[in-house]
Structure formats: structure tokens, C-alpha cells
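> Each chain is listed here by its residues.
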Amino acid sequence: MTTTLDAAGRRALIETAAAAVIARADELTALDQAIGDGDHGLNMKRGFEAVLADLDAIAAKPLPEGLKQIGTTMVMKVGGASGPLYGTLFLQLGKSLAELAPDAVPSRAELAAALKAAIVAVKARGKSEVGQKTLLDVLAPVQAALAGGADAAALTACAHEAAAATVPLKAIRGRASFLGDRSIGHMDPGARSSEILISTLAAIAGGNSGAAA
Amino acid sequence: MTTTLDAAGRRALIETAAAAVIARADELTALDQAIGDGDHGLNMKRGFEAVLADLDAIAAKPLPEGLKQIGTTMVMKVGGASGPLYGTLFLQLGKSLAELAPDAVPSRAELAAALKAAIVAVKARGKSEVGQKTLLDVLAPVQAALAGGADAAALTACAHEAAAATVPLKAIRGRASFLGDRSIGHMDPGARSSEILISTLAAIAGGNSGAAA
Amino acid sequence: MNDKVGIVIVSHSPDVAKGAADMVRQMVGNEVPLAFTGGDPGGGLGTSVETILAAIDRAWSEKGVAILVDLGGAETNSEMAIEMLPEDRQGRVVVCNAPIVEGAVMAATEAWGGATLDEVRRTAEELSPA
Amino acid sequence: MNDKVGIVIVSHSPDVAKGAADMVRQMVGNEVPLAFTGGDPGGGLGTSVETILAAIDRAWSEKGVAILVDLGGAETNSEMAIEMLPEDRQGRVVVCNAPIVEGAVMAATEAWGGATLDEVRRTAEELSPA
Ligand SMILES: Nc1ncnc2c1ncn2[C@@H]1O[C@H](COP(=O)(O)OP(=O)(O)O)[C@@H](O)[C@H]1O
Ligand SMILES: Nc1ncnc2c1ncn2[C@@H]1O[C@H](COP(=O)(O)OP(=O)(O)O)[C@@H](O)[C@H]1O
Ligand SMILES: [Mg+2]
Ligand SMILES: [Mg+2]
Ligand SMILES: [Mg+2]
Ligand SMILES: [Mg+2]
Chain A
1 MTTTLDAAGR RALIETAAAA VIARADELTA LDQAIGDGDH GLNMKRGFEA
51 VLADLDAIAA KPLPEGLKQI GTTMVMKVGG ASGPLYGTLF LQLGKSLAEL
101 APDAVPSRAE LAAALKAAIV AVKARGKSEV GQKTLLDVLA PVQAALAGGA
151 DAAALTACAH EAAAATVPLK AIRGRASFLG DRSIGHMDPG ARSSEILIST
201 LAAIAGGNSG AAA
Chain B
1 MTTTLDAAGR RALIETAAAA VIARADELTA LDQAIGDGDH GLNMKRGFEA
51 VLADLDAIAA KPLPEGLKQI GTTMVMKVGG ASGPLYGTLF LQLGKSLAEL
101 APDAVPSRAE LAAALKAAIV AVKARGKSEV GQKTLLDVLA PVQAALAGGA
151 DAAALTACAH EAAAATVPLK AIRGRASFLG DRSIGHMDPG ARSSEILIST
201 LAAIAGGNSG AAA
Chain C
1 MNDKVGIVIV SHSPDVAKGA ADMVRQMVGN EVPLAFTGGD PGGGLGTSVE
51 TILAAIDRAW SEKGVAILVD LGGAETNSEM AIEMLPEDRQ GRVVVCNAPI
101 VEGAVMAATE AWGGATLDEV RRTAEELSPA
Chain D
1 MNDKVGIVIV SHSPDVAKGA ADMVRQMVGN EVPLAFTGGD PGGGLGTSVE
51 TILAAIDRAW SEKGVAILVD LGGAETNSEM AIEMLPEDRQ GRVVVCNAPI
101 VEGAVMAATE AWGGATLDEV RRTAEELSPA
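Residue numbers (the working numbering), protein chains in the order written: chain A, 1 to 213; chain B, 1 to 213; chain C, 1 to 130; chain D, 1 to 130.
I should point out that these hints are in silico values taken from the structure, not numbers from a laboratory. Please note that the accuracy of each hint is not assured.
[Said to hold, decoys possible] Distance windows between CB atoms, simulated:
#1 D:Asn-30 with C:Arg-122: 36 to 44 Å
#2 A:Val-130 with D:Glu-83: 40 to 48 Å
#3 C:Asp-118 with D:Ala-54: 42 to 50 Å
#4 C:Asp-118 with D:Glu-83: 37 to 45 Å
#5 D:Glu-119 with A:Ala-144: 43 to 51 Å
#6 D:Gly-29 with A:Lys-95: 24 to 32 Å
#7 B:Thr-16 with D:Glu-119: 27 to 35 Å
#8 C:Gly-29 with A:Ile-184: 14 to 22 Å
#9 C:Gln-90 with A:Val-130: 46 to 54 Å
#10 A:Ala-23 with C:Glu-87: 51 to 59 Å
#11 D:Asn-30 with A:Ala-109: 53 to 61 Å
#12 A:Ala-117 with C:Gln-90: 56 to 64 Å
#13 A:Ile-184 with D:Asn-97: 52 to 60 Å
[Stated by the list, open to error] Mimicking EDC-like on lysine to aspartate or glutamate, the simulated pairs with C-alpha atoms at most 20 Å apart in a straight line are:
#14 A:Lys-123 with D:Glu-83
#15 C:Lys-18 with C:Glu-62
#16 A:Lys-170 with C:Glu-126
#17 A:Lys-95 with A:Asp-6
#18 B:Lys-123 with C:Glu-83
#19 A:Lys-95 with D:Glu-87
#20 A:Lys-95 with A:Glu-110
#21 B:Lys-61 with B:Asp-103
#22 B:Lys-95 with C:Glu-87
#23 B:Lys-170 with D:Glu-126
#24 D:Lys-18 with C:Asp-22
#25 C:Lys-63 with C:Asp-118
#26 A:Lys-61 with A:Glu-27
#27 C:Lys-18 with C:Glu-87
#28 A:Lys-127 with D:Glu-83
Model, not experiment: these values are computed from the prediction. All C-beta atoms in this analysis are idealised placements derived from N, C-alpha and C, irrespective of residue type, glycine included.
Given these sequences and hints, build the entire structure.
So, in C-alpha cells, the structure goes:
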């Protein structure tokens, strides 16, 4: 880990994360076809393409402001339930990190606290809890691992396992809940998109020692 | 009253009744605008124009068969809730009068019994009762008056009063029920179309001594 | 196709009927027999027994057909249509007491899973959208 | 116009939104502020916070605005939109827990009669179509 995160660093981070999700759009859509309306990949792609379209402006801002702009962009562009959920996540991350010194890298404690607050905000937005087969089922264990000192590889492994652990769950929120028991046996698309984001960011933070599964 | 009702007689009866309703289409629509979706006149006009389009064929049939064809035409052509309701009314009148001798005029008792059965059928179709601000609030008192020996003028007066008596009622069925208490103070459009039909038929039966109000 | 309950959408508005059917298709693809109709015989807002009968025929399944309706007239016309069906079909068509759009998506999702007509109807009638 | 509560219809489908608005207009004419939106920012089935905000603005009334939605995403996006409104408007916009089509007709009929936002919402949430 470096001790500064300047505009170039922020740019690389955002660009890589966005590209990773966009590259997996077909996979995310296929997951959503099985237990939803088959648009999660399209939705996330639209959101992150809009982020990329503003990449220079976002990267030029301090990290908290940039995160808020990403959040607003996701809110406005995604279109699915995932838009306000991921939007709220990024908006709250930005708000929680507001005191960060310019170009500073947030500490593990700062990141863990920010992600904790963001998870609370996502729960409120979705009227949802952990265990309901949503992106929260990846975000929550990753936050716990982060707070507990996990390194990049461990965070990646945690996200991967958490996404896989949504397979046997019955969906209680979102469209997949319409399927009742038939939602069992499929990975939640939002859990998978969260895994991709986290493992990509972890790989960068860990000096590219890990890679998105 | 004549003692036979031949094709020419049936033709005149149906044509006059249909024309009377069609002539009042704007008024019926205006009533429906106040407490509904403003289409009752259009709906009834469409139904009775379709009846007129088949007038010769309908009049050529024995009365019970003709009534059934009118019922089917109303069912297929009206489009509003009134379609299956008036359709059911005419279909059941036809069924109840099935034993009528060719070209015979149904007796008062036969007519009263047929109308009684038809009202039961309309109630079942509409899941409705007298007092809910619908066409039943005209049909039921007219049936009672008919059974009780009322002459043409009395039947016309009865229908007129019954329609007027829907004004203070609160609608419990149909779209007007969406208005709750605000349906009070307006005449029910279906009650008015029933009044028009009844007073027109009574006028013919009474040798044109009465007239639709 | 006949191993899934069919879904018929009957709205006063042809646009609502079509849009609800689009939403159903997005959830269940072409695996559930689906038909929709809206508008009165004159082309205005309303419903038509004739086009309801045709829609039931298009969505016909040996497992039965669940009809979703919006307001009173759509319900009364659908019930009238059911009575005009050949007798051996009448018992296998039901009108669901459920919201037209949300109910159609729910009912179709349930039908997609292979549920019986009764299960499809109950799901549409029980659940309100999460 | 501002003496009646406004109605906003938010569907995943632009067709459902338009058709439901047609049905509302047939009941209440132009006396109730009404706006509708459907479709995601890419034109597919979904909803858009941006167009929801614009619809709230078009249907704005000092008495408040009741939003009718179909499925989860429409609800979440509408709630998000409410939070993005100027603070003095936020408290006067509610999402009704009611069927989109039937609820819109009910809510608009109630608004037409001069009801408060709370009454409009309650009517939509209570009644199922007769
Ligand atoms: N109420 C909710 N709370 C938390 N997460 C949710 C909720 N609804 C949906 N999700 C997440 O969003 C994902 C679906 O996103 P997407 O397909 O883009 O939206 P939509 O369901 O509107 O089509 C789900 O896989 C789930 O992870
Ligand atoms: N469930 C019902 N039972 C009895 N009569 C009804 C019912 N619903 C509607 N009506 C009658 O139908 C009339 C409205 O007919 P119309 O306007 O043609 O149909 P719609 O209400 O579908 O637009 C009402 O005035 C009422 O008399
Ligand atoms: Mg989806
Ligand atoms: Mg979607
Ligand atoms: Mg009407
Ligand atoms: Mg109508």
C-alpha cells in the first residue's frame, strides 16, 4: 500500500473497478435471468459506463467527493433496484470519509467504519437485512473481515465465499423473492457484482497480488 | 294490448327501445362522468347499435330467442360492466320465456316471473344487491310493481321514481363506489338507462299512452 | 408449453395490458403461455368479452388459465367470458382477486415453476409486491 | 390545480404508466395533477430516479404528491427520488403501498374529492378494486 492516493491513483482505482464489472455484465445478467428479470449486468454496465464518462472529473475530486459523485451517478443511471442500493453505498462511503486529508489513503479503521455505515444505509434503503440473498450478504462479511485485519487476499477469498454462500439461500428481498423456494440453488446477482468490485479493489490495494475470481 | 306479438311487432318494440337509449346516450355519459368513467352512454349506444344492425334477424326469431340474441349482442359489444349485466338480463329473460307460444304476448305473470329470474341472474353476475346504487335499484321496484298489477303509466312512474331515488344513495358496486360518500347526490347512470328502457317499453305496451321521461 | 398454467391479462387499457405482459415476459421468457387484451369493442378504455375469449384461447393450457384484471368491468366481463367457454374448459379458468400488474408478474413466476392453477391463483392473491 | 393532491405513476413499463394515467384521466379529467413515468435510463423495463423527480415536479401540488409504484425497484427508486427533493418538499411526497393501476385510479378519485395526502394514501392502500 502507498501512503498517498492522488488523482492518478484514484483514476486507476475507479477505472479498474468499473471495467471489471462491465467485463462481467453478461455473467451478471445471466445470474439475474435465473432468479430475476435478467438486467443486473445491463444495469451495472450502464451505471459504471456513466462513471467512466465522468472519470477525469471524479478522479480530480478528493476521494470522499468522488465517491459521492459515483453514488449519484449510480442512483441516476442504473435503473434497477441496484441503482439506489449501490448509489447509497457509495454516497455513504463518501460521507463517512469526509474528514480524510487530501490525497490520503484511508486507514483500515476508517475504511471499516465507512463500510459499516454504508451497509447500514443500504439496509435502510432496501428495507433489508443480511441473510436475504442480496449484495448485503457479501458486503457484511467483507466488512467484518476488513475490521478484523484481513489482507487483500483474505478479503478476496471472503467475498468469493460470501457470494457462493448466497446460492443455498432463499431470497426474501427483490424480485428473486417472487420465486420463493425456487430462488434456492442460484447465486444472487447483486452478491456477485459486489464480489467483483471488492476483489478488484482488494487486488489493487494489495499491489495486484490478488485477482478478481 | 294486442294478443299477438309478431315479427313486425317485435321489430317495432326492439327498434323503439334501442332508439330511445341511443337518443339518451349523451345524458347517460354525463351521468357517468359525474360518478364514473363517463362511458355509459357510449357503451349502451354501441350495444344497441349492434342490436339494430341485426334487427331483422332478431325480430324474425321467436321472442325468447330474440331476447337471447340481444343479450349475447350486449355481452359482446358493450364493453363496460353494463355489458354483461344487461346481457345477462336479456339472456335470462329469453331463457325464462322459453315456453312462450309463437307470436304470443307474454302475460303479466309470465313477464313478472321472467323479470324476477333475470334480476336474480344480474345480481349473481354483479355480486350485487338492491340498494347499492345500480340498475338493480330500478329493475327490482319495477318488477314488484309489474307483479302487483301496475299499468303502463304506473310502471313508467315507478321507474322514474326509482331512478331518482338512486340520487341520495351511496354507491357500493361499480366504479362509482370508488367515490365513497361523494357518489351521493348523483343519479346512477345504469339506473337511468334501465328507466329509459322500461318507460319506452311500457309506453308501447300501453298503446303509447305514456312516454319515456 | 402445456405443462405450465397459462396467464391472461385483461385491462381496461391496451397499454397496461401490453406493458404488464412485457414485464411478465422479462421474468419468465416464453415458457409460460401468456396472452393479454385491453380496450372495449369500440377501441376505448374498457374490456371486450370477445377478445377475452380469444386471449384465453391463445394462453390455453391443459393445466388451466389464471386471469388478471384491473377494475370491476374487466372482472365482470372475464367472468362472463368464462361462462361462455366450452364446458370442459370452464372449470379450469379462474379470475384472480389480485392487482393486475403485480399479480401478473407473481402468477407467471409461480406458473413458470410448474405450480397448479390453484397455487398460481393463491400466490397472486396472497402476495403484495415486496 | 394546487388544491388537489398530485398523483405520480411509476412503472417499470412506460406502457403501463401511460395506460394507468389514461385510466385515471378517464375518471378525474384534468382536475388532478397527474404525471407518469416508466422505463430505465437506457429505455428498457425499469425506473429512473431522474424521470421520477421530473414527474414529481410536473404533478406538484402544495397539498402533496402520492406516488404509485409496481415492483420493488420502482419503490426503491421513488424513495431515493424523494430524498433528493428539496427539503421543504420531502415531507409532502409519499409512496403508496398499493397496486399501481387500481391504486392510481383510487388515489386520483380520492384526490379529486379534495382529500388530504394522508387520506389519498390511505384510500389507495386500503381498498382493493371492487
Ligand atoms: N430490497 C433490497 N435490498 C437489498 N438488495 C436488494 C434489494 N432488492 C434488490 N437487491 C439486490 O439487487 C440485485 C438486483 O439488481 P437489479 O437486477 O439491477 O435490479 P432489479 O431487481 O430492479 O431488476 C439483487 O440481486 C439483490 O442483490
Ligand atoms: N357490480 C355491479 N352490479 C350491478 N350493477 C353494476 C355493477 N357495476 C356497474 N353496474 C351498473 O353499471 C353502470 C355502469 O355501466 P358502464 O358505465 O357502462 O360500465 P363501466 O362502469 O364498466 O364503465 C352503473 O351505473 C351501474 O348501474
Ligand atoms: Mg434485475
Ligand atoms: Mg430490473
Ligand atoms: Mg362507465
Ligand atoms: Mg367503462
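> All the hints need checking, so say for each whether the structure fits it.
The hints, checked one at a time:
With their beta carbons about 40 Å apart, Asn-30 (chain D) and Arg-122 (chain C) fall inside the hinted range of 36 to 44 Å. In this structure the hint that Val-130 (chain A) and Glu-83 (chain D) lie 40 to 48 Å apart at CB is violated, the actual value being about 23 Å. For Asp-118 (chain C) and Ala-54 (chain D), the Cβ-Cβ distance of about 43 Å falls inside the hinted range of 42 to 50 Å, so the restraint holds. Restraint check, Asp-118 (chain C) to Glu-83 (chain D): a C-beta distance of roughly 42 Å satisfies the suggested window 37 to 45 Å.
For the hinted restraint 43 to 51 Å between Glu-119 (chain D) and Ala-144 (chain A), the CB-CB distance of approximately 46 Å keeps it satisfied. Between Gly-29 (chain D) and Lys-95 (chain A) the beta carbons are some 45 Å apart, a value that contradicts the proposed interval 24 to 32 Å. At roughly 47 Å, the beta-carbon separation of Thr-16 (chain B) and Glu-119 (chain D) lies outside the given 27 to 35 Å, and the hint is violated. In this structure the supplied range 14 to 22 Å holds for Gly-29 (chain C) paired with Ile-184 (chain A), their Cβ-Cβ distance being about 20 Å.
The hint said 46 to 54 Å for the Cβ distance between Gln-90 (chain C) and Val-130 (chain A), and at roughly 48 Å that hint holds. In this structure the supplied range 51 to 59 Å holds for Ala-23 (chain A) paired with Glu-87 (chain C), their Cβ-Cβ distance being about 58 Å. Between Asn-30 (chain D) and Ala-109 (chain A), the C-beta spacing of about 58 Å keeps the proposed range 53 to 61 Å intact. One distance hint, 56 to 64 Å for the beta-carbon pair Ala-117 (chain A) and Gln-90 (chain C), holds here, with the actual separation near 59 Å.
Between Ile-184 (chain A) and Asn-97 (chain D), the C-beta spacing of about 27 Å breaks the proposed range 52 to 60 Å. A hinted pair counts as satisfied when its Cα atoms are at most 20 Å apart, and Lys-123 (chain A) with Glu-83 (chain D) qualifies at roughly 15 Å. This hinted pair does not check out: Lys-18 (chain C) and Glu-62 (chain C) have alpha carbons roughly 24 Å apart, beyond 20 Å. At roughly 18 Å between alpha-carbon atoms, Lys-170 (chain A) and Glu-126 (chain C) fall within 20 Å of each other, so this suggested pair holds.
Distance check on the hinted pair: Lys-95 (chain A) and Asp-6 (chain A) sit about 19 Å apart at the alpha-carbon level, within 20 Å; holds. Annotation: proposed proximity of Lys-123 (chain B) to Glu-83 (chain C) holds, straight-line Cα distance about 16 Å (limit 20 Å). Between Lys-95 (chain A) and Glu-87 (chain D), the direct Cα distance comes to roughly 18 Å. Compliance with the 20 Å bound is thereby established for this hinted pair. Our distance criterion of 20 Å between C-alpha atoms is met by Lys-95 (chain A) and Glu-110 (chain A), whose separation comes to about 12 Å.
Note on Lys-61 (chain B) and Asp-103 (chain B): the hinted pairing holds, with a Cα-Cα distance of about 9 Å set against a maximum of 20 Å. For the proposed pair Lys-95 (chain B) and Glu-87 (chain C), the alpha carbon gap of about 19 Å is at most 20 Å, so the pair holds. With a CA separation close to 18 Å, the supplied pair Lys-170 (chain B) and Glu-126 (chain D) stays within the 20 Å bound. With a CA separation close to 14 Å, the supplied pair Lys-18 (chain D) and Asp-22 (chain C) stays within the 20 Å bound.
For the proposed pair Lys-63 (chain C) and Asp-118 (chain C), the alpha carbon gap of about 10 Å is at most 20 Å, so the pair holds. For the hint pairing Lys-61 (chain A) with Glu-27 (chain A), the CA-to-CA distance comes to about 32 Å; that exceeds 20 Å, so the pair is violated. Restraint check: the Cα-Cα separation between Lys-18 (chain C) and Glu-87 (chain C) comes to about 29 Å, which exceeds 20 Å; the hinted pair is violated. Proposed proximity of Lys-127 (chain A) and Glu-83 (chain D) is supported: the alpha carbons are some 15 Å apart, at most 20 Å.
Hint violations for this structure: numbers 2, 6, 7, 13, 15, 26, 27, all remaining hints satisfied.
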